[in-house]
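In case you want the letters, here they are:
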Amino acid sequence: MHIVVCVKQVPDTKIIKINPKTNTLDRRSAPAILNPYDAHAVQEAVRMKRLIKNVYISVLSMGPPQANAIIKKSLEIGADEGYLISDRAFAGADTLATSYALSKALEKIASIRPIDMILCGKHAIDGDTGQVGPGIARRLDIPPVTNVIEVTELSEKDQTVVVKRKLSGGYQLLRIQMPCLLTVEKEINEIEYSPLPNMLKAARYEPVVWTVNDLQDVDRTQLGLKGSPTIVGKMFTPPKHEGGKRLEGSADEQVKDLITCLLEEKKELFYVK
Amino acid sequence: MPEKFDVIVVGAGPAGTSCAYTCAKNGLKVLQIERGEYPGSKNVMGGVLYRKQMEEIIPEFWKEAPLERPVIEQRFWMMDKESTVSFGYKGLEWGKEPYNNFTVLRAPFDQWFAAKGVEQGVLLINETVANECIVENGKVVGVRTDRPDGDVYADVVVLADGVNSLLGKQLGFHKEFRPDEVALTVMEVINLSKEKINDRFNLEDNQGCTIEIFGDSTKGNLGTAFIYTNKESINIGVGTTLSSMIKAKLKPYDLLDYLKNHSMVKPLLSGGESAEYLAHLIPEGGYHSVPKVAGNGVIVVGDAAQLVNAIHREGSNMAMASGKMAAEAIIRAKEKNDFSEASLNSYREALYNSFIMKDLEKYKDAAHTFEHHPQYFKEYIPMVNQAMSKFFTVDGTPKREKQKQIMRSVTGTKGTFKVIQDVYRAWKAVK
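Protein sequences, first through last, are from chains L and S.
If you count by this note's numbering, then the first sequence holds residues 6 to 278, one letter each, in order.
If you count by this note's numbering, then the second sequence holds residues 123 to 553, one letter each, in order.
Please keep in mind that the hints were generated in silico from the structure rather than gathered at the bench.
Take these hints with a grain of salt, some might be off.
Unchecked claim - Distance condition first, Cα-Cα at most 27 Å in a straight line; then the derived DSS-like pairs of lysine-lysine:
1) L:Lys26 x S:Lys316
2) L:Lys26 x S:Lys353
3) S:Lys382 x S:Lys341
4) S:Lys147 x L:Lys206
5) S:Lys126 x S:Lys414
6) S:Lys318 x L:Lys26
7) L:Lys22 x S:Lys318
8) S:Lys456 x L:Lys206
9) S:Lys550 x S:Lys486
10) S:Lys486 x S:Lys369
11) L:Lys22 x S:Lys353
12) S:Lys218 x S:Lys203
13) S:Lys164 x L:Lys19
14) L:Lys22 x S:Lys164
15) S:Lys382 x L:Lys206
16) S:Lys316 x L:Lys22
Bound conformation, chain L alone (with noise of 0.2 Å):
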């Protein structure tokens, strides 16, 4: 069986600045990471492949050759391949792009060794948007599968898998048959420490490189700034939220406080028209 994993390198949105004139990020403050999701799903290849056996693990990145980095990290996790493709004919893509170059990418795999799974992170933490791994599964025409916090079943031999699919308020459990598509959340499972053979493999690989000229059948009008067709209208900063206002004192006091400022300051709340 064999598991395609899609990993974006991502900036640390933990600690990263904004520049306050444009209102992009500033990509320089941070550091450029394994998107958390992503990771998270390289981990859940790896736990499917103590499984069963059976599996063997291809990463697949589109980004700058210093995605290495990302291909290598996840190489740590448990992959046993890495793809990158990198080209300036790549750049300034939005999903829609991403995830035409991403399938591209994909059939190119699958002619080497077929493709049973793709997993995705559920989505990236500098875009936030989602949509790149149903675009995938849609121009591969298999069935996506959105968030998915539990493989409960894997078989091999009916091609099938099952998961649960998270859904607000309860869980959606899915039996899909291979190949398809899954994007999942964090709680899917915890990232393991990896075991030292794998640090020492990841260190020495080096990833299989493709440019848009290694790709076959592309429609390069697709690619990159001149496929997309999204505009962004406005960016910027949400406020900071301010910390509420704290009553001290006596209960008494507190309640007292607390009625003068629901009704002096806040007296629309009560408002009858």
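Since the structure of chain L is provided, determine the placement of chain S on it from the hints.
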């Protein structure tokens, strides 16, 4: 089956990387293990990198390494509460090739240096802790890391695991530190615009300045403070021996705060924005604290071997030189295929014949002397300040009379005999 390398280097600081780089360059199969997220992420130093020892590893490194500013001026302050006596040297020859030293930020610099090692063929893994040396038949044969299936083997293990070398302790090479063998240094990186730095320190864009501060910077305790200029930030820090801190009940962060708000220092930092806060132990035990540096299948370098010259604030250069000497000894051992202590002791010999151990030997009693006789920092620095103030204040007193008054106040408070004794003792400690 665990892998076997020629050399495993534990730690990716200047010592470890110099050793790994030199070994790999000479065709050895090297594994370097770093506990931090990346080389430099856990490393702290004031920020002066010396050209000479770095150049011996990577010639003309200044053309590509991420450096801050070449240091063209070194100032020394003897600081009292509201005054300072300063001297120093500024020379433009230090601002051009081959330079003397540079200010650096460790995180980018160590990453760059380690990447040069990787270019030479070093296999570098991060986020991995070497928990212990694997010892078989009295010989170190590898390390056990904290990872699953974490054993890995080598002919020689190089301990470049820093000041608190746990592996060195495990092997019994050195004991727990005494509090007077280590200094605790705290520092802050303060962001400040290039223009402000240039104005305040009288510099051009590609010129740097270092200030070493004695006296009230440590509230009179044995230790120093420093201010170094980066491109667009300032490193300010202060350190004293752990024993002084304990004795004077000083908290390191209070001391740094005191320094930052000192009337002599505050204007230099004004308007700056704190970017990073760091603390680290520095091995300052000197000559007598240097542990066993070579054993069967093992070599100790850099801070782990206590190679720091506290008086001249040299450390990273000694680390690099020791790393290189270790590599050379390993290469010789490899040729003979003999990794015993006797064979690896050629490193010890090289070390003791080099500037490193000669300098440490020269100052072997200095820290001890100054720690046991606190009057140098507590009394003489204020005294010098008062003398200067008196001498340069124009108040109609004849200069000869002023000199007499100054001498009287010096010998008057201490007694001529004691002053002579103190001067002799200080001279002996550093001669």
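Here is how each hint holds up against the structure:
1. L:Lys26 x S:Lys316: 21 Å, holds
2. L:Lys26 x S:Lys353: 23 Å, holds
3. S:Lys382 x S:Lys341: 13 Å, holds
4. S:Lys147 x L:Lys206: 21 Å, holds
5. S:Lys126 x S:Lys414: Judged against 27 Å, a Cα distance of about 25 Å means the pair holds.
6. S:Lys318 x L:Lys26: Satisfied, since the Cα-Cα distance of roughly 23 Å is no more than 27 Å.
7. L:Lys22 x S:Lys318: The hint holds at about 23 Å.
8. S:Lys456 x L:Lys206: Status holds; Cα separation ~25 Å.
9. S:Lys550 x S:Lys486: 11 Å, holds
10. S:Lys486 x S:Lys369: 22 Å, holds
11. L:Lys22 x S:Lys353: 20 Å, holds
12. S:Lys218 x S:Lys203: 37 Å, violated
13. S:Lys164 x L:Lys19: 20 Å, holds
14. L:Lys22 x S:Lys164: 22 Å, holds
15. S:Lys382 x L:Lys206: Distance ~48 Å between lysine 382 of chain S and lysine 206 of chain L Cα, so the pair is violated.
16. S:Lys316 x L:Lys22: 21 Å, holds
When each numbered hint is compared with the structure, violations occur for hints 12 and 15.
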